[in-house]
Amino acid sequence: MLEITKLTKRYGSGDPVLKELDLTVEGDQLTSVIGSSGAGKSTLLRCINRLVEPTSGSINLNGTEFTTLGRRDLRAARRRIGMVFQGFNLIDRLTVMENVQSGRLGYISTWAALTRRYPREDIRHAYELMERVGIAHYADKRADELSGGERQRVGVVRALMQRPEILLADEPTASLDPKTSEQIMSLLRDLANELNLPVIINIHNVTEAKEYSDRIVGMRYGRIIFDDLPDQLGKDEMDEIYAGVPAEDRAEVGAAA
Amino acid sequence: MLEITKLTKRYGSGDPVLKELDLTVEGDQLTSVIGSSGAGKSTLLRCINRLVEPTSGSINLNGTEFTTLGRRDLRAARRRIGMVFQGFNLIDRLTVMENVQSGRLGYISTWAALTRRYPREDIRHAYELMERVGIAHYADKRADELSGGERQRVGVVRALMQRPEILLADEPTASLDPKTSEQIMSLLRDLANELNLPVIINIHNVTEAKEYSDRIVGMRYGRIIFDDLPDQLGKDEMDEIYAGVPAEDRAEVGAAA
Amino acid sequence: MTNQSLNQTLDHWSRFTLRQRLMRYGGLALTLLIVGWALSSIDVIWAWVWDAPSQMADLFGRMMPPDPSNLPSILEAIWQTVNIATLATMIAVVVSLPVAYIAAQNTTPNKFALWVGRFILVSSRSVNTIIWALLFVAIFGPGIVAGIVAIMFRSIGFLGKLLGEAIEEIDRKPVEALEACGASRFKIVLYAIVPQVMPAFFAVAILRWDINLRESTVLGLVGAGGIGMILQGAIDTFNWPEVAMVLLTILALVVVGEVVSSFLRKKVL
Amino acid sequence: MSTVKDTWKKPPFIANPVMRYGLYAAVAIYFVVTLATLPIDWDRVADGMSRAQRIFSGAFPPSFDRAGLLFDGFMESLKIAILATVGGIAVSVPLAFMAAGNIAVKPVYLLGRGIIIVARSFHPVIVAIIFVKAVGFGPFAGALTLVVYSIGFVAKLLAERIEEIDFGQVEAMRSAGAGFIATLAYAVMPQIMPRLVGLGIYQLDSNLRASAVVGIVGAGGIGATLANAFGRYDYDFALAITMVIVGVILISEAVSGFIRKRIA
Amino acid sequence: AEDCAERGALDTLYCDANGDLVADTPTDPAKLSNPDTLVFAYTPVEDPAVYADIWEPFIAHLEETTGKDVQFFAVQSNSAEVEAMRSGRLHVAGFSTGPTPFAVNLAGAVPFAIMGAADGQFGYKLQVFTQADSDIKEVKDLAGRRVAHTSPTSNSGNQAPRALFPGLGVEPDKDYEVVYSGSHDQSMLGVVAGDYDAAPVASEVVDRMAERGLYDTDDVRKIWESDPFPTTSFNVAHNLDPELTAKIKEAFFTFDFEGTKLGDEFEGVSKFIPITYKDQWAVIRQIQASNGVEYTPQGLAGN
Ligand SMILES: Nc1ncnc2c1ncn2[C@@H]1O[C@H](COP(=O)(O)OP(=O)(O)OP(=O)(O)O)[C@@H](O)[C@H]1O
Ligand SMILES: Nc1ncnc2c1ncn2[C@@H]1O[C@H](COP(=O)(O)OP(=O)(O)OP(=O)(O)O)[C@@H](O)[C@H]1O
Ligand SMILES: [Mg+2]
Ligand SMILES: [Mg+2]
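Protein sequence lines, in the order shown, are assigned to chains A, B, C, D and E. For the first sequence, the numbering used here gives the first residue as 1, with consecutive numbering after it. For the second sequence, the numbering used here gives the first residue as 1001, with consecutive numbering after it. For the third sequence, the numbering used here gives the first residue as 2001, with consecutive numbering after it. For the fourth sequence, the numbering used here gives the first residue as 3001, with consecutive numbering after it. For the fifth sequence, the numbering used here gives the first residue as 4001, with consecutive numbering after it.
Pulled out of the complex, with its shape left as it was, chain A reads as follows:
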């Protein structure tokens, strides 16, 4: 169970990007976070595993308080959180297998990491996951030889390799074609169920979000203004979440001019 309480994040001296935000995610829920550009979705996810240092508030995963962990403990704790990135963040010059196995780096010995002698168990697991998303035949290809869609699938598999207690995904389907998107979304949902793994996804495609999520969280200006079942997300709620986007205001003015 992930419990976020009064989470605030301020970059530099500007306005806070997250404002005393509370959020609890449990069990096998797939939670989608939606919101306009700049609402703070990525910041929220990155605060959870402290890639971004929260300004204040508490983040508690299955009893571990994350905000107060020291360097070493944080490293161990991060293994329990899988993360998929908006920009893939693969290591271009390594093969797909190495990229995937890098998700296990927290567990294997330095020597094994250096010589690429991964445990059999890990390799089997990697192949299983790669088959599932359809990239097993690319195991020996270099990551930068793949198309955008394929790259993102590598990113998803890498995160799953950690056997995480929670999975965070920052727009994991942004550059996938709809069928592959569907596969990944259903994979994520299935995993949430099978492994009793809470999954939090930042997503722009509301249709997809509604179809696959157990719960939808709508953010605006660093606050959660909607938190309910997908069915409850209607036209009005959508308007509220995406309304008053500064960009939109300006766009209308501009168009009028």
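Everything labelled a hint here was simulated from the structure, so no lab data went into it. Among the hints, a few may not be true.
[Said to hold, decoys possible] Cβ-Cβ distance ranges computed for the label pairs, FRET-style:
#1 C:F2016 x A:R120: 31 to 37 Å
#2 D:L3110 x C:W2079: 48 to 54 Å
#3 C:W2050 x D:F3013: 42 to 48 Å
#4 B:K1019 x D:P3017: 20 to 26 Å
#5 B:K1006 x D:N3016: 37 to 43 Å
#6 C:F2119 x B:D1140: 47 to 53 Å
#7 C:P2072 x B:S1056: 55 to 61 Å
#8 D:P3107 x B:K1006: 57 to 63 Å
#9 C:V2256 x E:E4171: 38 to 44 Å
#10 B:E1053 x C:L2248: 36 to 42 Å
#11 D:R3054 x E:G4144: 42 to 48 Å
A quick note: this is a predicted structure, and the numbers were derived from the prediction, not measured. Note that CB positions come from ideal geometry on N, CA and C, so glycine has one too.
Chain A is fixed; fit chains B, C, D and E with the ligands onto it per the hints.
Below, chains B, C, D and E with the ligands alone, put in the same frame as chain A:
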């Protein structure tokens, strides 16, 4: 009018990625190209302005045959084609305004380009377009300080700055939130109408494609297998376009195992 | 920004504010001033400059044709030099890696380590080759060991500095991804940093290798021969055709080095 | 597929196993042989330590008695270094563009690479003598020599950096129909700027230290002073000079770091 | 120079009609040079290293006497100096002992002075050192030992021993193993450390080393000493205007080392002494000839 005839593209010695493809785009149409990952959508777009050298076939834009142009003529001809990239391709270290004005580089003198003394007319045009997509207030920000969504909008404006005769966009909305996506799609549609500008968009989001396009082209394995009005794109056609995706096949096998 | 100002479309834009522009002009003026000051010390005798091509031709003319009569001893010396340069470069590369790591701003554990790293690199570079040679001859006795160690110490600064800069230029995103996996520092280096600096690594190592080939003149200083000694001897006795031969041999080696490095780079780029 | 694989090997560097192991073996043998034949006499080393200490004990404390000489030499070196660096960069940047395979056409590329390779093959002593013959002794010859010396280094590394740029930005400029220079200025220069600054500042301090080369042309500055201090066994003065050089270069290092961070 | 009857070993650019072994002043006035700025360079090799500023009083004196600006360069390469004079970029130069014949033949240098003591004594000696407790007592005993020479082109460190030792009963390379140490200092330190059994070195260098305490004089023993060799020769370019040449010589010979920095630096030296290449360098030419050195533009150096 863009007329593509028998366009074939083969990378190295592999199978052709585009196979004797014919496509004609006219007037103020917004044409969406859909297809699974690797179908050749990006390659098609990049062949049009010869960022990728076609293997054979003909590409004719308003009477200019592109495939036979020499270096100098090609450069002049490329100004007539605006392009928005899948990965934005912004120049990170320059400001938004410089990025936007770089769309005019084909027109202004090298000296003006180096000293950043852009013509007033261009600056006004840039501000207009930036207002329209809601990024005018970022003119002086560095491109790498923007969010993914904002970056893509800069890319769109840069392409429009060329005052192109045709606009090509490779997944222009892949990382935008739905409202901004809508804005950009409707902007592109409006521009197609206002400027009588044919627009070709590669897009994965079929819902969006159907909503904004005048015409949908479905690609599979380097061939066009669907080319009709959006209404005609039903479940069967979708299945045909996205069916037999190697990735999907394998994924099902993997899941069964 | 208010809506008011947005209603009228702007047609003005400049890259910098007035203040920034003044500062930039100031910087430019200062630079020009410094260059001017430096130029002031150069008194060029223009008559000599016009005459230069014929004087250079005098020298190159006397180099022609290259004299291969001493080729066997040149080849032997160059083989020895290659060995020395290779060993010295290899060892220096290994030693410079950790130094580069702590001297790069984005990987250094802390400010103190950063400056320790920089100090090591700068000392290695600033201490004259002659000094290194003298020191190691005193320790190891005359011979190639002293030469290798001197060249090695001299190379560390160069390699560490350039590798450190390559590290500073890496893409941070993969590093972040591995941090999110809970990988240790060392493994992050191994998986996210090493692959990214590989191309620079080969380029820099080969570049230093061929500098070391030429730097092996220090071997003469420590009584260990090498191609530098032959070259120096040929220059001292105005045996220009032999100098030309040595230069051609070095050129051939540099080309070989270039081919090897571009092969390696292609493999990793 | 009925069973899932549980072994995996990284695709090897060289596909052919005979070639691969042959190469590994050759490299290993080379190292073992060359290292094993190095004559290291550890007793001599033990003796040598104390003797080295005796020789260099004269270096402490460093002597700044001849501060005037140090200062003059330093200024002379600084002037030459500035000119050589400005000149070297001015020559190296276009050369680097010529020698970058992804920007230049083949013949230009080969020409660029060729010039760089020749610049790297010429021993600095020879280059120095050539320029002394050409323009006489003095800082002008020194600066010219160091310019050539810089080419092999700055142009090569810069060319390699250019080959590593994100090409998408160049494509974007090309598809806007931008001219060659404009493409370089907008899509390439911003990407290589940090490296250029780093190389430039490195070159500045390298030129400051290039005593061997500049001493030959009679414009030795600090380098010649240092060499003389050594020749005269004034190790305390030599240490003082070295300390000043290290100090100045540490400062330039900090400046370089600062600028690179600013434009990164 | 095409119509030159006699040029001896000189390069084809020069002529030696009067048989003094150095290049003649051109007879064609158009070929004479009378530069506004005199360029003067000096390279120490067997002489001790000096800081550039000690030459200041002499430069001032030279400027005053000749009425010309003088640019002084402390140079670190003999070859660069010789080539510069050959190209007309250098007018007055100090060449060290070994390179002087090259300068004369390849660059048209005309040696005219050397530093010396008040009594007309000049030069340095070649000395052979061994460890104090060594059983080597005279040069003959070097047979079968490891002896450090400095570098192949050095006069005192290599060529002189090769020319002189056979007369003393050993032939380098044949009777004993020659190891090149790189420099006189290295030879001496190597002897002290026992890396070499003995080494011929230049007296000036070891004297200064002893003075600075780089080695303990008790550790070594001198077994042999040569007659003095000339040190650095001071030369003018052959094509300078004869009047200017006369002024330059006057400046050298009227300079008083007493009380100047130059005087402090070069101990036992009080004036410039006139010399000729023909006489004072005969011994060096002989040494080089016996080593097979030729002064052609290609100047093949044999051992
Ligand atoms: N490193 C940073 N330094 C300063 N400001 C930042 C930084 N990262 C993000 N921001 C700002 O914080 C705000 C929230 O950014 P965030 O990336 O969380 O938005 P998002 O909801 O993920 O948007 P998108 O949908 O475009 O990815 C934005 O205004 C952004 O400009
Ligand atoms: N430069 C290249 N060299 C070799 N093969 C390439 C190159 N670029 C693309 N390909 C191959 O061509 C095929 C088509 O690629 P393309 O990028 O056009 O697909 P796409 O339809 O745009 O896919 P996506 O939706 O993932 O962007 C793919 O199989 C890809 O691997
Ligand atoms: Mg985001
Ligand atoms: Mg594509």
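Verification of the supplied hints:
1. The hinted range of 31 to 37 Å is not satisfied by F2016 (chain C) and R120 (chain A), whose Cβ atoms lie roughly 60 Å apart.
2. Take L3110 (chain D) and W2079 (chain C): their Cβ atoms lie about 29 Å apart, and the range 48 to 54 Å is violated.
3. For W2050 (chain C) and F3013 (chain D), the Cβ-Cβ distance of about 55 Å falls outside the hinted range of 42 to 48 Å, so the restraint is violated.
4. In this structure, K1019 (chain B) and P3017 (chain D) break the distance hint of 20 to 26 Å, their C-beta atoms being roughly 38 Å apart.
5. Separation of K1006 (chain B) from N3016 (chain D) is about 41 Å and conforms to the stated range, judged on CB atoms against 37 to 43 Å.
6. Between F2119 (chain C) and D1140 (chain B), the C-beta spacing of about 39 Å breaks the proposed range 47 to 53 Å.
7. Between P2072 (chain C) and S1056 (chain B), the C-beta spacing of about 57 Å keeps the proposed range 55 to 61 Å intact.
8. For the pair P3107 (chain D) and K1006 (chain B), the supplied restraint of 57 to 63 Å is violated, since their beta-carbon distance comes to about 33 Å.
9. In this structure the hint that V2256 (chain C) and E4171 (chain E) lie 38 to 44 Å apart at CB holds, the actual value being about 41 Å.
10. Remark: the range hint 36 to 42 Å for E1053 (chain B) to L2248 (chain C) is upheld by a beta-carbon distance near 40 Å.
11. Checked against the hint of 42 to 48 Å, the pair R3054 (chain D) and G4144 (chain E) fails, with Cβ atoms roughly 30 Å apart.
In summary, the numbered hints that this structure violates are 1, 2, 3, 4, 6, 8, 11.
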